[in-house]
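Trainee: Just so you know, the sequences run in chain order A and B. Residues 1 to 306, numbered by this note's numbering, are exactly what the first sequence covers, in order. Residues 1 to 306, numbered by this note's numbering, are exactly what the second sequence covers, in order.
The hints are simulated quantities; they were obtained by calculation from the structure and are not laboratory data. Incorrect hints may have been included.
Copies of one chain are not kept apart here, so a pair can be met inside one copy or by any two copies together.
Below, a list of computed lysine to aspartate or glutamate pairs in the EDC-like style, where the Cα atoms sit at most 16 Å apart [said to hold, decoys possible]:
id, residue 1, residue 2
1, K15, D88
2, K106, D213
3, K193, E22
4, K96, E227
5, K193, E140
6, K176, D88
7, K176, E87
8, K96, E297
Being a predicted model, the structure only gives us computed values, none of them experimental.
These are the residues of each chain, in order.
Protein chains: 2
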Amino acid sequence: MSLLISGTVAIDNIKTPTATQEGLLGGSAAYAALAASLFCKPVHLAGVIGHDFPKAHVDLLNSKGIKLDSLEHNDGESFTWTGEYHEDMNNRTTHKVGINVLENWKPQLSADASQVKFVMLGNMSPDNQMQVLDQCQAAEFVAADTMDLWINIANERLHDVMKRLDLLVINDGEAKEFAGTTNLVEAGRLLQKKGPRYVVVKRGEHGSYLFGDGAEEFFACSAYPLESVFDPTGAGDSFLGGMIGWLANSRKTKPSFVDLKTAVAHGSVTASFTCEAFSTQRLEKVTVEEVKSRLEELKHYTAFAM
Amino acid sequence: MSLLISGTVAIDNIKTPTATQEGLLGGSAAYAALAASLFCKPVHLAGVIGHDFPKAHVDLLNSKGIKLDSLEHNDGESFTWTGEYHEDMNNRTTHKVGINVLENWKPQLSADASQVKFVMLGNMSPDNQMQVLDQCQAAEFVAADTMDLWINIANERLHDVMKRLDLLVINDGEAKEFAGTTNLVEAGRLLQKKGPRYVVVKRGEHGSYLFGDGAEEFFACSAYPLESVFDPTGAGDSFLGGMIGWLANSRKTKPSFVDLKTAVAHGSVTASFTCEAFSTQRLEKVTVEEVKSRLEELKHYTAFAM
Numbered sequence: 001m002s003l004l005i006s007g008t009v010a011i012d013n014i015k016t017p018t019a020t021q022e023g024l025l026g027g028s029a030a031y032a033a034l035a036a037s038l039f040c041k042p043v044h045l046a047g048v049i050g051h052d053f054p055k056a057h058v059d060l061l062n063s064k065g066i067k068l069d070s071l072e073h074n075d076g077e078s079f080t081w082t083g084e085y086h087e088d089m090n091n092r093t094t095h096k097v098g099i100n101v102l103e104n105w106k107p108q109l110s111a112d113a114s115q116v117k118f119v120m121l122g123n124m125s126p127d128n129q130m131q132v133l134d135q136c137q138a139a140e141f142v143a144a145d146t147m148d149l150w151i152n153i154a155n156e157r158l159h160d161v162m163k164r165l166d167l168l169v170i171n172d173g174e175a176k177e178f179a180g181t182t183n184l185v186e187a188g189r190l191l192q193k194k195g196p197r198y199v200v201v202k203r204g205e206h207g208s209y210l211f212g213d214g215a216e217e218f219f220a221c222s223a224y225p226l227e228s229v230f231d232p233t234g235a236g237d238s239f240l241g242g243m244i245g246w247l248a249n250s251r252k253t254k255p256s257f258v259d260l261k262t263a264v265a266h267g268s269v270t271a272s273f274t275c276e277a278f279s280t281q282r283l284e285k286v287t288v289e290e291v292k293s294r295l296e297e298l299k300h301y302t303a304f305a306m
Numbered sequence: 001m002s003l004l005i006s007g008t009v010a011i012d013n014i015k016t017p018t019a020t021q022e023g024l025l026g027g028s029a030a031y032a033a034l035a036a037s038l039f040c041k042p043v044h045l046a047g048v049i050g051h052d053f054p055k056a057h058v059d060l061l062n063s064k065g066i067k068l069d070s071l072e073h074n075d076g077e078s079f080t081w082t083g084e085y086h087e088d089m090n091n092r093t094t095h096k097v098g099i100n101v102l103e104n105w106k107p108q109l110s111a112d113a114s115q116v117k118f119v120m121l122g123n124m125s126p127d128n129q130m131q132v133l134d135q136c137q138a139a140e141f142v143a144a145d146t147m148d149l150w151i152n153i154a155n156e157r158l159h160d161v162m163k164r165l166d167l168l169v170i171n172d173g174e175a176k177e178f179a180g181t182t183n184l185v186e187a188g189r190l191l192q193k194k195g196p197r198y199v200v201v202k203r204g205e206h207g208s209y210l211f212g213d214g215a216e217e218f219f220a221c222s223a224y225p226l227e228s229v230f231d232p233t234g235a236g237d238s239f240l241g242g243m244i245g246w247l248a249n250s251r252k253t254k255p256s257f258v259d260l261k262t263a264v265a266h267g268s269v270t271a272s273f274t275c276e277a278f279s280t281q282r283l284e285k286v287t288v289e290e291v292k293s294r295l296e297e298l299k300h301y302t303a304f305a306m
């Protein structure tokens, strides 16, 4: 079943403790679309790129069957992020953000993209998220991500978006900030009250929590264990992309909690591949068989007898 | 099967964002012995208390069938810890530590205590841990905890202890420090090389990781989800006490990895109760049925279909 992934498409310049690379494919929509395309076809991508955007990155997205009919080509410079990971990969410093073409972007969906039933609003301004959603004429399942910037400078607009979501996926630190509590379990429950029936709190190296209806519907998903993390950029976007890609493929626009759990596990494992190389370099080579194999391992790693 | 729990027995003064209480029962051996006594009888406790130690605390330990024949009564003042938890319960400040009777303590095991097959060396100086171990004449399974203080000031002696352990249980931050890496999975594997066949890395609110033989033997245990944490003091000690209590009760001095996983799950759930009230006030009321019930929930909360 068709799926729309909207969000940022970026040029990333990344430094890790062991290597540096510039001109990399980045952005919430790029990671999520690649992750979703593993499980679902067609994936429509809505975003904006500038005149300087490398053709190789566009070719890569095309080669995965991702529909770029809602990807705007603008005369300005592309959105860029320049950052550095420290010895502890959980800590990173943003050196530079070039908003550029994102500044005045008004998403325009193609006729096909506006008819999808599954919609992902990747991390971007709540205004852009709302503009995308307003053009979706057949949306039945809507998922979104956000970040501290929007919680701080566009809180009211973000609350408007929240009311229209079926699923919010958010980082642990940002969940606490948005919910106004330091307890993660309480944070998830409080965020549900802002609108989305389902909330996923991403816990980085520890995995994620999924909250559904009532105390019964709770899922603690462990992360696939990695002995070394090369570049975690885009792991959260790959997580949500994998999740919604799996859901769209299942064709269940009213997924059960059991479906949501399976989707979370798929998202989690998909994200683990993203961490293993710069940018999308590992993600773009992943096969469904590799995902299944890690899912089997994750099941084995989390099972216990009483 | 009989079990020896050694470590500190303390008077704690604790402040949380909502309440303050003084003269509380604390210390690694006190929490662990109470947790272990849920699953196993008899539990021998080796520790030291001063002239000012409240009789009510001794009575409580006695009432749980904990054998105090290796608990030294000293003329000095009891070991005390005074600390404060902040709004985010993951952060605490130590205001005062009174070493007192611990300063010159030389553990002396009773004849019965020296014959146990299961030994827990709770968090105390590596010298004290070694002194206990040297008196154990029939030890077949030895588990220990430690902390940053000993990693920093008694590193060599701690390495001597490590060589004699079957199981090390350690906090995530301390595991990274002791192993010299910022990756938790790598940290667990590196700590195994220092001696213990099994390593558990405690991840606070996120649960724990258990490492066994080779990549196959890995267990990610989620924490039982708590929407509010009242006082997390002693959760780690309750975890290890619950674990080794369950192992001792199983009578398997050569437990399989499946046994270790079950022990970790029992320790994790036992620790969740400790967090729900000051000191041991919730832990001392827990029943085996309540533990089983939370284990069932934890199983439900972590299962997923592929």
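Trainee: Indicate, hint by hint, whether the structure satisfies it.
Mentor: For each hint, the structure was consulted:
no.	hint	in the structure
1	K15 - D88	within (13 Å within a copy, 32 Å between copies)
2	K106 - D213	neither (35 Å within a copy, 55 Å between copies)
3	K193 - E22	neither (41 Å within a copy, 38 Å between copies)
4	K96 - E227	neither (29 Å within a copy, 38 Å between copies)
5	K193 - E140	neither (20 Å within a copy, 53 Å between copies)
6	K176 - D88	between (22 Å within a copy, 10 Å between copies)
7	K176 - E87	between (25 Å within a copy, 12 Å between copies)
8	K96 - E297	neither (38 Å within a copy, 46 Å between copies)
Figure legend: structure checked against the earlier numbered hints; hints not met, in rising order: 2, 3, 4, 5 and 8.
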